[in-house]
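Using the sequences provided together with the hints, build the complete structure.
If you're matching positions, the sequence shown starts at 1 in my numbering and goes up one per residue.
These aren't lab readings, by the way, just hints derived from the structure by calculation. Here a beta-carbon is modelled for each residue, glycine too, at the ideal position from N, C-alpha and C. Certain hints may be false.
DSS-like mimics (lysine-lysine), calculated; alpha carbons at most 30 Å apart, straight line [to be verified]:
no.: 1; residue 1: Lys75; residue 2: Lys97
no.: 2; residue 1: Lys76; residue 2: Lys97
no.: 3; residue 1: Lys76; residue 2: Lys128
no.: 4; residue 1: Lys250; residue 2: Lys97
Computed spacing ranges between beta-carbons, pair by pair [as the list claims (entries may be wrong)]:
no.: 5; residue 1: Asp249; residue 2: Glu139; range: 17 to 25 Å
no.: 6; residue 1: Met1; residue 2: Gln134; range: 18 to 26 Å
no.: 7; residue 1: Arg10; residue 2: Arg89; range: 16 to 24 Å
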Amino acid sequence: MLRPSYLCARCLVDQATHAVELAVEDPGERLSVMKGVVDLLHKGYPERIPAELGTMVHRYVMERSGKDPYALLKKKSNEAALEIIGRLRREDLTLRKVVLAAIAGNAIDFGVDGSRDALHSLEEQLQKGLAIDQFERFEAEVDRARSILYLTDNCGEIVFDQMLVEHLVNLGKEVTVSPKQEPILNDATVQDLVSLGFGRMAAGIIPHARNAIGLMLAEAPYEFIRVWDRTDLVIAKGMGHFETLYGTDKNIAFLLKAKCIPVAESLGVEQGDHVLTF
Numbered sequence: 001m002l003r004p005s006y007l008c009a010r011c012l013v014d015q016a017t018h019a020v021e022l023a024v025e026d027p028g029e030r031l032s033v034m035k036g037v038v039d040l041l042h043k044g045y046p047e048r049i050p051a052e053l054g055t056m057v058h059r060y061v062m063e064r065s066g067k068d069p070y071a072l073l074k075k076k077s078n079e080a081a082l083e084i085i086g087r088l089r090r091e092d093l094t095l096r097k098v099v100l101a102a103i104a105g106n107a108i109d110f111g112v113d114g115s116r117d118a119l120h121s122l123e124e125q126l127q128k129g130l131a132i133d134q135f136e137r138f139e140a141e142v143d144r145a146r147s148i149l150y151l152t153d154n155c156g157e158i159v160f161d162q163m164l165v166e167h168l169v170n171l172g173k174e175v176t177v178s179p180k181q182e183p184i185l186n187d188a189t190v191q192d193l194v195s196l197g198f199g200r201m202a203a204g205i206i207p208h209a210r211n212a213i214g215l216m217l218a219e220a221p222y223e224f225i226r227v228w229d230r231t232d233l234v235i236a237k238g239m240g241h242f243e244t245l246y247g248t249d250k251n252i253a254f255l256l257k258a259k260c261i262p263v264a265e266s267l268g269v270e271q272g273d274h275v276l277t278f
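Now the structure itself:
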């Protein structure tokens, strides 16, 4: 698990500010909600890992506002990604190409300052290579696996995930896809995946959390743990899953863009680099 650095405090306050501005119009209420956020962070930082703190913050903002701050942006993310994916689907797609596309899609993240304009740079992201490139091992693990558990991350990104899941299914793999049950940040939910048609190709859609950033196995539902225990390979998208699952005794392929300095430093790469690691 990734421990917080001093930089995480700035990022968490920035996330909360962005969510509050999206969900709350009244300046006085914005101030009140941000005071509550600061109180939460004062109690939990730096004892908890960044993903846990982010979960606390975003749950609090949603509870206070009664809204999903990112509902509209999630819809726009999927629409923008669908426009780009049409061109990709006309190409001769190899496993490597769809993996690189899925990692490029991880650039869409409204929880990280500097990644909120990723919708405008998706074409550029698709041209990037991998700073940590364990694709040969990934290909071998896929070849050996009968069952694969795919942990999704953000909306927009899931359009590219769908292409990778389709490719895995076409290779004869039993793929179970696992999003969140309910909204948090711009993470994909069961409903988001169903609306894109994941249910027509995956072995099942089983949420791994109600509404949390990353995956805390101690809080995961029983139905998910049953799949987790028997699956041959886990594909985990995004920094939240890396923060919460890295070092777990499980065969996990992490596909992500290192969007913040602490995660990049923990991986030994530059901020913004694309990574496929185990």
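Status of each hint after checking the structure:
1. Lys75 with Lys97: holds, 25 Å
2. Lys76 with Lys97: Cα-Cα ~24 Å, so holds.
3. Lys76 with Lys128: Measuring from Cα to Cα gives roughly 23 Å; hence the hint holds.
4. Lys250 with Lys97: Cα-Cα ~25 Å, so holds.
5. Asp249 with Glu139: 17 to 25 Å: Since the Cβ atoms of Asp249 and Glu139 sit about 23 Å apart, the hinted range of 17 to 25 Å holds.
6. Met1 with Gln134: 18 to 26 Å: holds, 20 Å
7. Arg10 with Arg89: 16 to 24 Å: Given about 39 Å between the Cβ atoms, the range is violated.
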